[in-house]
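The residues making up each chain are set out below.
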Amino acid sequence: MRAVWAIARLVIKEIFRKKDFYVALILSMAILFYAAQLKFYNVGNITRYLLEMGLALSFILNVVLATALSARQFPAELQQRTCHVILAKPITRFQFIAGKYLGSFLASAACFLIFYAGFLSIVFFKSAEVSPAAAFQTGYLFLLNLAVLTAMASGFSYYLTTSANVSITLVLYFLIGAYGTTLKEAGQSLFWLSRILSEAFYYLLPHFEFFDIRVRLIHGWGALSWHLVGFLTLYAFFYTLLFLAVGWLGFRKRIL
Amino acid sequence: MTDRFRSVAIFFLLPVLFYLSYALDHDPGFSKRRSGDLLYQLIGGAQEVVGDTFFLKADSYFHGGAEHTFSAEEEHFHKEGEEDHDEDSHQEAKTVLASDWIAAVNHQVHITKHRHLTESEIKEMLPFLNLSVQLDPYNVEAILATAYWLERHLHKTEEALGVLKQGLKNNPTSWEINYHIGSIYFKTKGSVAESTPYFEEALRQIKDPEAPEAAEPTYFLAEAYAAQNRQAEALLVYQKALTLFKDKNSAVIQQTIRDKIKQISQESQGDLASPDPQ
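Sequences listed follow chains R and B, in order.
Residue numbering for the first sequence follows the numbering used here, beginning at 1 and increasing consecutively.
Residue numbering for the second sequence follows the numbering used here, beginning at 257 and increasing consecutively.
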């Protein structure tokens, strides 16, 4: 476990050492502060658009940051030949994968929590009405979302180059996120091969839309049942393990 | 593809593209919509698509965040608070739950029913309506909806008039905008004289004067004439309005118009019977 944590700690340090996170944070805060000053037709105390923008910014920027961070870990180590140095130490390949994944996830989670804290402070200052339980669940489910996403990008990074991995992961993420609910239905009217493909995507890929309950929070629909949250936690855990296993299968016997 | 073939293709393609750009540039309909707007020059028609998307977003906000097909039914604008599903929606929900477990989870995670915004929440739609009107100034439906919510529910009459007048600059042939400006002057502000030219213009812009949509502007024009003591004109326009309210549901308004015609006729006969001594 110490070996895993040692690798993870390096990844966490990396994200706070690079400019990406700070640029994203400053950009989103600047946009939100600007949006908070806007007046529409001299009507005051309009808050939902601000909640929507704040959540959209923190979700999208963190998805991009997390994907880029996870996807570049192994290819960068390989390119700089530092993975030879790491693996020369008494660290197994499984520990290497686990450490890289844990570091990517914890770094992404830390970034998201900073964004989310900024968002919640705007909610507080604008006196927007949100349910605390729904606010907690929104943040928690997005962390699960990040857990699966970083596992996916991490797993793919043992097969693909960084740019290909980032593109494929983001395309799959946004495709499933946007069309996850209708993918199967939409496939019914297509050519048989497309129909089979859309059904395969529907059943095999993780449904990222399960982790997005922004509408509930913004429009005051209340929190989910805790049983459902428990189920979604298991669901995220399953896919995280699956993607890490995919990565391990590609890496365990790879000649470096 | 050989280099020679590529050169020939480019040779023929360039004049075609040049002609197309020239034709579009000189098409009055196309040029009018460009109107020197920098954003339009940069992103072209995409601006209108984004504007329409914001209008749908406002509609979704009105339905508590639920994706909802925009319906112009009047009842949608008046009911407030939570609404029950109708039988069809219940049936649809059961079908979804029965189809597979992924659909069942989505059904629980996402919003599957809708409720309308309450009076105090209506302001939440304004940012999206504002963006919609700004990005697509030719979307008359968005302009009318923005003015409707501002005037009827938020009591921002001047702001509603501002939206409509700006809309009229961009859509000078819209009878609906003319009619709504006239209505605000007539009903809300009580400025009858100011409402009259808008009602007149609305009727001028309706291509078929016998069309059912001409009924209300005609009636209110008659009312405006009557309120300004322009009895002869009011009588003519009331008579015209009577012919436009044809269907069975208009019995009440038909009777009102008949009463007004009768009243004006009696008054004018009385005026003839007792001429002004001067």
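Derived by calculation from the structure, the hints in this document are not laboratory data.
Quick caveat, the model's predicted, so the values are computed rather than measured.
You may find that some hints are simply not true.
[Unchecked claim] Beta-carbon label-pair distances, calculated as ranges:
1. 16(R) x 306(B): 49 to 57 angstroms
2. 301(B) x 88(R): 54 to 62 angstroms
3. 269(B) x 19(R): 37 to 45 angstroms
4. 484(B) x 120(R): 54 to 62 angstroms
Just so it is clear, CB atoms sit at the ideal spot from N, CA and C, and this is done for glycine as well.
Task: Indices of hints not satisfied (ascending) - done: 1
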